[in-house]
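Spelled out from the first residue to the last, the chains are:
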Amino acid sequence: MLDFIKKYRLHIATGGVLLAAFVFYSLNLKQKSHANAFERGVQNVMAPFYRVVDRVSGTVTLVWEDYLDLVNVRRENKELRESVKTLNARLLETHEAVLANERLKKLLDMKNTLRVPTMAASVIGEDGAPWFKTILIDRGESDGLREGMAVVTSEGVVGQLVKVAARSSRVLLLTDNASAVAGVVQRSRARGVVKGKGGGRCALDFAVHDEDVKVGDLVVASGIGGVFPKGMPVGEVTMVKKGDYGIFQTIEVRPAVNITRLEEVLVLLQQNND
Amino acid sequence: MIKILKYATIITGLLVAQVTLLPAHFTDPFKPNLLIIVVAYLALKGTSRADAGLAFLLGLVQDCFSGLYLGLNGFSFLVIYLLLKKTADRLYTDSYYLMILVVFLITIVNSFIHLFLLAIFSVADGVYAPLLAALLPQGLVNALAASLLSGATALKAAEEGK
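Going down the list, the sequences are from chains V and W.
Going left to right, the first sequence walks through residues 2 to 275 as the numbering used here numbers them.
Going left to right, the second sequence walks through residues 149 to 310 as the numbering used here numbers them.
Since the hints were derived computationally from the structure, they do not count as laboratory data.
You may find that some hints are simply not true.
Unchecked claim - Here are some, though not all, of the chain W residues that point toward chain V, as calculated from beta-carbon distances under 7 Å:
1. 166
2. 171
3. 176
4. 177
5. 181
6. 213
7. 214
8. 215
9. 216
10. 275
11. 278
12. 279
13. 282
14. 283
Said to hold, decoys possible - Examples of chain V residues toward chain W, derived with CB under 7 Å:
15. 126
16. 128
17. 129
18. 131
19. 132
20. 133
21. 178
22. 179
23. 183
24. 198
25. 199
26. 200
27. 206
Said to hold, decoys possible - Residues of chain W clear of chain V, computed beta-carbon distances all greater than 12 Å:
28. 149
29. 223
30. 280
Idealized CB from N, CA, C, for every residue including glycine.
Chain W on its own, in the form it takes in the complex (with noise of 0.2 Å):
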């Protein structure tokens, strides 16, 4: 129940920090997904059966405060949690740099996820445009926002640790 409450703590505290406080500070396309990160944590250290659930739950929510489309970051998050979960045993998932790294990748697989289902599925034909366009930065920025919070994560261990 504890870790429950916790997740959903955090999880709404990213998704404040998301759509309120960080729109106001940085400008398109430097605004970080921090949901994204959660998905890579989950697939990378998690151990729960109902991960994946709570990584289409994530991409669910999301939607409710991205675009137009319900379903889209559901589709893509369960996709990307699913083929780290495969790989993930073939990892050394306690690395630092490889959650920055893996964080980096997931962004430009699900912007891909993206523009494969908005091609196909939706009326936003000129959306690769953007897309594209903020492909770079965003990767970037979502690695930069990884780091930051695998940094903080590490140091709160190091210290319970102690």
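Next comes chain V alone, as it looks inside the complex (with noise of 0.2 Å):
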């Protein structure tokens, strides 16, 4: 017997362990849901260590997916300031378009009111000399266009056209010294010649001195010349001086278009003295 055991002592023991063990489990299998005395000691002893590595992973995972935050945020930011810029880009050239719609439009108006056939233009030049006040137009013989025809915008008179080539003319604006319109006084109809003065003014010269010329009158083309069309806005009188002496007075005229701001202009097409 003690051969025996000496023999197969290392089965013996082993399936005593393996008895042993399902002996354990099978009188615990009553008390599933309380921890006896082996599972509280365990766990009392290894909770704080829990405690302690949980703590640094959280913070561990807490930092790394802060980090990945801050790389996808650095991502997304320099996205969304991309897409800023271009969504200002946008916003700037809708707001141009807007502008340029409420141009167009109110020239548009201005054609339907002209009896004469027009011809729309963009001004693509300025004259390099700040003595002389000639623009460049996008049109030209091509498009139908004289030398001599009337320049207008929806606010008045622009000027005329001198030097016309194939597929762009010049423009000889109100405000140069070799310009002259025929005008008269709206209110009053006083007559005069509305010359230009360089730098951005007019003045109505030969209008006599009896006649009634206030200041904030406003300067319409008579029609004279067959150039421009009667009534068509020239400018607003912003001085009248009257001396003792000579037989006209000296007015200074403001144009009705900002010479300075053009961009698009319509071409009168059909002359009156044609």
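Using the hints, build the complex out of the two chains.
Printed below as a string of structure tokens:
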């Protein structure tokens, strides 16, 4: 018997351990919902470690996630900046389109009120010298333009065509010293010639001393000469000086059109004196 | 041929800048006259006999986009070129500052030639007022433009020399 045990001690021990484990397991089946002393002991010993490890792990996870978030935020920030730029550009384009639309709508309204055929043109250049006042437009002889034709906007008279090339033309502005338009004061019908004085100014010359002209009066084209339609606004009287001597008054006129802000104009294709 | 193409490209670029680009950002009288700087350059540093013709041609090109009188700038540019050429051999033409001073002075001279010719031959009797008012600012703006262009040219030359 002893020999038998000695010979198979390992197997017997293994079987015993297995049996003990089985018995331990079966004994604890009844108290499956309660922790026994062993379980409580192990839990009590391990809990602080778990807590610490859990906190560290949580912190590491948090840092890692924050880092990942930061990387994402950086990328997202970059993308958002790009999209803000794009949207800003689109906003500007839209704003510009709205303004162009308003200007063109006014020009179209003006075109509809005129009884002569017209041609819209864009301003593509300005005079190089400050003492000459001309602009360059993108329409020319091939579009039916000729020298002497009137150029207007919805606000009023701009000038006259000079130097027409095949696909571009130059416009002598109302404010150039060589420019002259027959004008009449709308309220009192006082006649004169609106002459350019350079630097964005005009004067109503040859208005006789006794004529009734006041600051704020509107000067319109008289239609004499047949270039500009009668009644087209030319400018507003800003200064009147009547000397004791001389037969004419000195009258300063501010052009109805803001010459420095011209972008689109209408060319009247048919002159009345044609 | 390459030299001619180079000149043509530069002049076209300057002309486009002068007529379209700069007026959009600068108001009168602060729009520079870039072609007059080319005339100064031709007179001070040019060696070809055709430069006088080129100066006249530059004036005519300028006239095509400025004022009503074709030949006004042609004449004034040619006069300025000849005057400068006559004195160029007595000047230190490599000087950066001389170019700026010359451009300032020829802008003034150019304006007075215009004034003289317009007063005699045109009906634009009141042109003297804006012309005289623009005289000094125009001279200074042209001098500034000349300093920038000369600076860019000198920088390029220095880089090529390295």
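Chain W contact restraint for residue 132 of chain V - C-beta distance below 7 Å: Holds, about 4 Å.
Per the CB criterion, is residue 176 of chain W less than 7 Å away from chain V? holds (4 Å)
So residue 149 of chain W supposedly isn't at the interface. Is its beta-carbon more than 12 Å from every beta-carbon in chain V? At about 28 Å from chain V, residue 149 of chain W clears the 12 Å cut-off, so the statement holds.
Given as non-interface: residue 280 of chain W, partner chain V, CB spacing beyond 12 Å: It is violated; residue 280 of chain W is separated from chain V by about 9 Å at its closest Cβ, not greater than 12 Å.
Would you settle whether the hint for residue 133 of chain V is holds or violated, based on the nearest Cβ-Cβ distance to chain W being less than 7 Å? holds (4 Å)
For the restraint on residue 181 of chain W, tell me whether the closest CB of chain V is nearer than 7 Å. holds (6 Å)
Status of the residue 278 of chain W interface restraint (C-beta, 7 Å, chain V): holds (3 Å)
At a threshold of 7 Å, is the proposed contact between residue 283 of chain W and chain V supported by beta-carbon distances? violated (9 Å)
Quick one, is the residue 213 of chain W hint okay against chain V at 7 Å, beta carbons? holds (6 Å)
Interface hint for residue 128 of chain V, Cβ within 7 Å of any Cβ on chain W: holds (5 Å)
Would the stated hint for residue 206 of chain V survive a check requiring a Cβ distance to chain W of less than 7 Å? Cβ of residue 206 of chain V sits 10 Å from chain W, so the hint is violated.
Is the interface hint satisfied for residue 199 of chain V? The criterion is a beta-carbon contact with chain W at less than 7 Å. holds (3 Å)
Hints 14, 23, 27, 30 from the list above are not met by this structure, while the remaining hints are.
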